[in-house]
Amino acid sequence: MSSTARGALAGRTVSRVGYGAMQLERLHGDRAAAVALLRRAVELGVDHVDTAQFYGNGFVNGVIRDVLRSAEDLLIATKVGADPDPGGPIPLRLAQRPEELRASVEDNLRALGLDRIPLVNLRRADRRPGVLAEGAQLVGLDDQLAVLTALRDEGKIGAIGLSAVTLDVLRRALPAGIACVQNAYSLVGRDDEDLLELCLAEGIAWVPFFPLGGDFPGLPKVTDEPAVRAAAQALGHTPAQIGLAWLLHRAPNVHLIPGTASAAHLEANLAVADIELDDETLAALDAIPARSMDVSLG
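Take the sequence shown: its letter number 268 is residue 268 in full-length UniProt numbering, and every next letter is one higher.
Some hints could be false.
[What the hints assert, rightly or not] Pairwise CB distance ranges (calculated):
| # | residue 1 | residue 2 | range |
| --- | --- | --- | --- |
| 1 | Pro89 | Leu174 | 25 to 31 Å |
| 2 | Glu134 | Leu167 | 18 to 24 Å |
| 3 | Gly45 | Glu197 | 26 to 32 Å |
| 4 | Ala136 | Ser70 | 24 to 30 Å |
| 5 | Gly87 | Gly203 | 17 to 23 Å |
Since the hints were made in silico from the structure, they are not lab data. Beta carbons: idealized from backbone N, C-alpha and C, even for Gly.
Using the sequences and the hints given, assemble the complete structure.
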């Protein structure tokens with residue numbers, strides 16, 4: 001991986017293409033294969049892994065724990081704001097209250113076998129795409145940041161991030177010290193240009209989820225765009241690689257966490273760190289119209 005494809009995240013310099021571990025739950029029936037895939041990612045230069053305790057109801061964090069025994073320098077980022085709910089209509093439930101956030105951090109610490117999690121992202125639930133909070137799960141930002149700041153002061157987490165937030169929420173959170181923002185963002189879903197620009201100005205990492213659009217109804221797909229397909233054919237890459245490479249070119253604070261359960265796709269994802277897009281190609285991609293990501297996923 002090119003030495004130029006590195007950037008700052010939670011006080012460390014890491015490869016700008018990490019690994020989103022959610023897809024490891026697809027290998028639930030073959031734990032050895034899941035461990036082997038993550039170890040392969042580390043061998044290929046991955047030093048930033050994004051996870052959550054609700055991925056596979058703890059299965060994914062268990063796999064990461066196995067790999068951490070021989071790769072202790074991994075920057076592990078997890079998220080709180082939801083807990084596993086295997087019997088529910090979707091396999092998670094919101095857990096936004098301060099006591100739930102603390103319990104979730106403790107659950108992650110135990111599952112990962114860590115004394116300190118380098119980065120914990122607060123997954124808010126006040127905007128789409130995703131489930132919106134209601135009732136007792138409508139919790140004020142200040143109360144949530146207070147418990148996360150306390151956990152940071154206690155040494156249980158290293159840095160605080162935010163996920164699925166608005167520009168106003170990010171601005172209000174800045175005094176707490178925010179290390180990264182995870183929002184839905186892609187070539188075809190650029191609702192949050194203003195947040196990205198604020199993050200760039202404040203030295204905050206931008207870690208997009210749905211980096212290629214999405215497979216959910218109503219979400220556009222980067223790989224369906226004729227300009228993306230044309231660029232892929234001209235440069236000898238896949239449309240997915242072009243979409244990910246565009247994100248790396250968009251701003252130097254962008255970090256990617258593409259996920260896969262396939263070793264071949266893993267190698268293809270990591271290869272985007274070395275893809276160069278010329279000005280003409282970037283202009284053609286930038287001209288693709290963006291669509292809204294304001295879609296309910298359940």
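Going through the hints against the structure:
1. Pro89 <-> Leu174: 25 to 31 Å: violated (36 Å)
2. Glu134 <-> Leu167: 18 to 24 Å: holds (22 Å)
3. Gly45 <-> Glu197: 26 to 32 Å: holds (29 Å)
4. Ala136 <-> Ser70: 24 to 30 Å: Check failed, 42 Å falls outside 24 to 30 Å.
5. Gly87 <-> Gly203: 17 to 23 Å: violated (42 Å)
Comparing the model with each earlier hint shows violations of hints 1, 4, 5; every other hint is respected.
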